[in-house]
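Quick note, the sequences are listed as chains F and S, same order.
The first sequence lines up with residues 80 to 297 when you count with our numbering.
The second sequence lines up with residues 2 to 813 when you count with our numbering.
If you are wondering where the hints come from, they were derived from the structure by calculation, not from laboratory data.
Note that the Cβ used here is the ideal one computed from N, Cα and C, for glycine as well.
A couple of the hints might just be wrong.
[As the list claims (entries may be wrong)] Straight-line distance between alpha carbons at most 25 Å, and here's what the computed BS3-like set of lysine-lysine pairs gives:
| hint | chain 1 | residue 1 | chain 2 | residue 2 |
| --- | --- | --- | --- | --- |
| 1 | F | Lys84 | S | Lys802 |
| 2 | F | Lys258 | S | Lys802 |
| 3 | S | Lys771 | S | Lys567 |
| 4 | S | Lys765 | S | Lys567 |
| 5 | F | Lys258 | F | Lys84 |
| 6 | F | Lys176 | F | Lys84 |
| 7 | F | Lys150 | F | Lys176 |
| 8 | S | Lys802 | S | Lys765 |
| 9 | F | Lys258 | S | Lys509 |
[What the hints assert, rightly or not] Here are some chain F residues the structure puts well away from chain S; computed CB gaps all over 12 Å:
| hint | residue |
| --- | --- |
| 10 | Gly91 |
| 11 | Thr93 |
| 12 | Ile146 |
| 13 | Asp147 |
| 14 | Arg164 |
| 15 | Gly199 |
| 16 | Glu203 |
| 17 | Asp215 |
| 18 | His222 |
| 19 | Pro224 |
| 20 | Thr226 |
| 21 | His245 |
| 22 | Asp283 |
| 23 | Glu291 |
| 24 | Glu292 |
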Amino acid sequence: MSARKLTLEIGGITLELLAERAVYWPARRALLVADLHLGKTETFRRAGIAVPDGDTQDTLARLQHLIDTFKPGELILLGDILHARIAGNSQLPGQIKAWRDAVDVPSILAVIGNHDHDLGRLNEAFTILDEGADYDGLSLLHHPPATPLSTPWIAGHWHPVARLSHGPDRLRAPVFVKKANHGLILPAFGSFTGGHPVTAQTGDRRFLTTGEEVIAID
Amino acid sequence: MKAAFHPGLTEWFQRQGWQPADFQCKAWTAYLQGKSGLIHSATGSGKSLAAWGGPLLEALQSGQDTGLQVLWITPLRALAGDTVKNLREASEGVGLDWRVEKRTGDTSAGTRSRQRKQPPQALVTTPESLSLLLSYANASDQFRGLKAVIVDEWHELIGSKRGVQLELCLARLRALVPGLRTWGLSATLGNLNEARDCLLGPDCPDGCLIQGQAARELSIQAALPAASDRFPWAGHLGTHLMPAVIEHLQPAGSCLLFTNTRAQAERWFEALLQARSDWLEGLGLHHGSIDRELRERIEAGLAAGDFRCVVATSSLDLGVDFSPVDRVIQIGSPKGVARLAQRAGRSGHQPDAHSSILCIPTHALELIEIAAARRAWQAGRIEARKPLTGCLDVLAQHLVTLATGEGFESADLLDEVRRTHAYANLSDEAWEWTLEFITRGGPVLQAYPDFSRVVRGVDGRYRIAGRSQAMRHRMSIGTITSDAAIAVRYQGGGHIGSIEESFIARLKPGDVFLFAGRSLELIRVRDLTAYVRRAGRRRQAIPRWQGGRLPLSGTLASEVLMLLAKADAGQFDEPELVAIRPLLSLQQQVSALPTPQTLLIEQSRSREGIHLFLYPFAGRLAHEGLAALLAWRLGQRQPATFSIAVNDYGLELLTDELPRLDETDWRQLLDNDNLAADLLSALNASELARRQFRDIARVAGLVFQGYPGRGKTARQLQASSGLIFDTLSQYDPDNRLLTQAQEEVLDSALDIERLRETLATVAKQQLVMKSPQRFTPLAFPLWAERQRNRLSTQSWEDRVKRMVEQLERAAS
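With the hints as constraints, model all of the structure from the sequences given.
Here it is as structure tokens:
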């Protein structure tokens, strides 16, 4: 089965997995994404590593496009919104604020991730939540929990990708991972992010996105 | 003719019971006349003294010798200790009160600072450490009094990026010290003149080439399987010949057992232990990933005669006066004539003793390679090693190094850089690009905001931007050689060695792997360190190190083809060929034997799909290019995805569906027209350039590996070279490092010139097309090859769908 989006139930909550590496929750009109890593190439360049710019703009533009399409009441960022500490003369906060003013979404919630030391500087743009905040019965996390939770949960952090093969052919693509204990892990949304291969544990299901379609592979 | 040399040296020779050899006298005289040159001679013939004697004589005569006099460059830091010992023996022997010290990545900070304040007369160092010395602000003071640089084992460096790095450092030293002499030591190469010119640079037209002692007699034998044994066709460890090895190890004396890869060394060490647990004390394992102290213990033990057998990789290939052993065994294909001769040269160092080596074939076709190596050696056909040119990644690294040190001015440095063989033809544009790359990140100002690495001051001098950039750059200078390495430590402390990150990444805590001859269980990985404990369990993974694969030299490949042609004509005059006659007959029967006049093409079908096998015998690199070219051209007829395997004999293309191809089709597919354009398209459709970029990204400082214990800051700067490749391709497609990746693949990796020649040869050859039912003996090793490249002309979506369909079929 495959489609531009794929409907899935997590502990009684119906979610749509989008080919754009995001999740939409129709009942709450909420759009969820994880691991933007904004400012990542800037951090590289400041350290003298010559990686061209464009990732932050690209990430924000793709997010804006999703907002325009779904017109959500709320956008939820599941941690690692920033890649590193924000340098004193960085354009990044201004860039993010300008983007925030331009997008048409009533509220943006941001869960603090392990990279988000300076997220506090963006509290005008985002409502900052601690990890594990309850959102209408769904726990909003950055780190997937080490021990089972009693509530349904959604998280990021892993940057999950799957490896596929067919005869001589091999590919890698980002995946959503549905964990057996009513949890869901999102692929990284940021443009300049790598991936970590995940294999499905017993009871897990992975949903691959080609960018055009979401396809169940387990 | 023996000129009169200072008695200090001649009397020391006498006390040792030696006579200066002619080539030594020649080298000393030339040195004293202020000349530079290259000395090539057989292993263990006194090459080091030929080079070292000149500076000693000069110091004895002039009596002026304070400050750093001689830099001695060695390719392996493992060799530095021995070299220091030998050089010191000689300097003390001739009566000079010289300090001879080493300076490598292992040298402590205290020693380094003392060496800066009170430099020794001679410093033994590696190309990386020399580069590092140039990254300090007092470099010109350090080297002001330098008389000579001596480059040991130059044949190991030439042809690699480390060699290019050294060329740049030498140009810097020559600019600092006019009249500096450069001497190189090399084993026999097919292109000695070029090797000399490359080392001395284009400004030194009258460099000497001094031929030392000719190679000793060399006996190359193969362990032949018993007539009744079925010989494995491919990819085997060769441990089935263990009895022959054990027998060879029985007599008293020491033995070196060489393998081609570190993984193979681990396995053989393990297998020997299992076969003869009573030899436990007398067995050692030595390879480049093992901790230095452990390696030094093995080396000392070998010198003292404590070991019956040490299993080693190329980590023990080198070392001019390294302790000789009684016997040498080579596991697997020798890969090259020069290399085999060098390994054999580890045995029988007494001047009159001849060297011998026992080769253990790991699969049938290696028997032919062994016979081919012997024939090539007897005929004096030795490989050439081509120096690299125009590598902008190494140049960028060097510029940042100098910016970190005393800084530089553009015009002066360009002039200096062009005085190297590697950059003699560097264009102004490439130079400007490299300057922009290190100062602005790239030519498109817009694409690289906030970039900060090197800055041009108001005085026009280029200097490093800040302390953290300087620190990171110094840490990464050594990375020309190494892949991202993870330190391996015991949980309770104790460093065992280092291992490629890609291997550790595939393991889960609790998994057991074999490393440094021990069975280890992974506990966890943190801060680029893998913590392990001893494991008793048997099931183990063996690390597969990158870069462990050596291509068979062209010299050897064509010798093999000639032997096959003889076999085709029914001539079996080498014992190795007699041993695999049944196999060759089978090949002849179900298909055909390749010869210089024919190109054999086999097409077979299996459950995996359609297999095409071609055997041009043009070497792994040209085959890689030819395979990509054929896959691309076939894919133009009908979108398809190919899996490509190559070895030194031929290539395999595997795909789902393929119409039957006749001679007209093949002639079109193998046509020389449009070669460059098609190959470039093939390159973009395959993973080759992306793979080549890994190296370039590392050298140019685009991939920062981080260091054990550095924690978060380092991790925030980590991105895979693949991700950077994609980002550059998207936002800065004209980036010259991308172009360099393509060129490196075309020129050296794919060897486009060789490919052109190959296609020209093929055009004259008769095509022999066969459709065997099963894989033939020649096809089998290709089919079993695990390292594969892919090329696709299908859309990504289609490929994913096909994979998913297969998953669904498997599930239902």
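Restraint status (C-alpha distance of Lys84 of chain F to Lys802 of chain S at most 25 Å):
holds, 16 Å
Does His245 of chain F really sit off the interface, with its C-beta more than 12 Å from all C-beta atoms of chain S?
Its Cβ does come within 12 Å of chain S, the nearest being 4 Å, so this is violated.
25 Å Cα cutoff - pair Lys176 of chain F, Lys84 of chain F:
Answer violated: Lys176 of chain F to Lys84 of chain F is near 30 Å, above 25 Å.
At 12 Å, judged by beta carbons, does Arg164 of chain F keep clear of chain S as stated?
violated, 9 Å
Straight-line Cα separation of Lys258 of chain F and Lys509 of chain S no greater than 25 Å?
holds, 19 Å
Proposed proximity, Lys84 of chain F with Lys258 of chain F (alpha carbon, max 25 Å):
holds, 19 Å
Check on Asp283 of chain F being off the interface with chain S, judged by Cβ distance over 12 Å:
Its Cβ never comes within 12 Å of chain S, the nearest being 15 Å, so this holds.
At 12 Å, judged by beta carbons, does Gly199 of chain F keep clear of chain S as stated?
holds, 18 Å
Minimum C-beta separation from Thr226 of chain F to chain S exceeding 12 Å: can you confirm that?
holds, 17 Å
Given pair status - Lys567 of chain S, Lys771 of chain S, alpha carbons within 25 Å
Holds: Lys771 of chain S and Lys567 of chain S sit about 21 Å apart, inside 25 Å.
If I take the minimum Cβ distance from His222 of chain F to any residue of chain S, is it greater than 12 Å?
Non-interface label on His222 of chain F holds, nearest chain S Cβ at 16 Å vs cutoff 12 Å.
Was Glu292 of chain F rightly flagged as not at the interface, with every chain S Cβ beyond 12 Å?
violated, 7 Å
The structure is inconsistent with the numbered hints 6, 8, 14, 21, 23, 24, although it conforms to all the rest.
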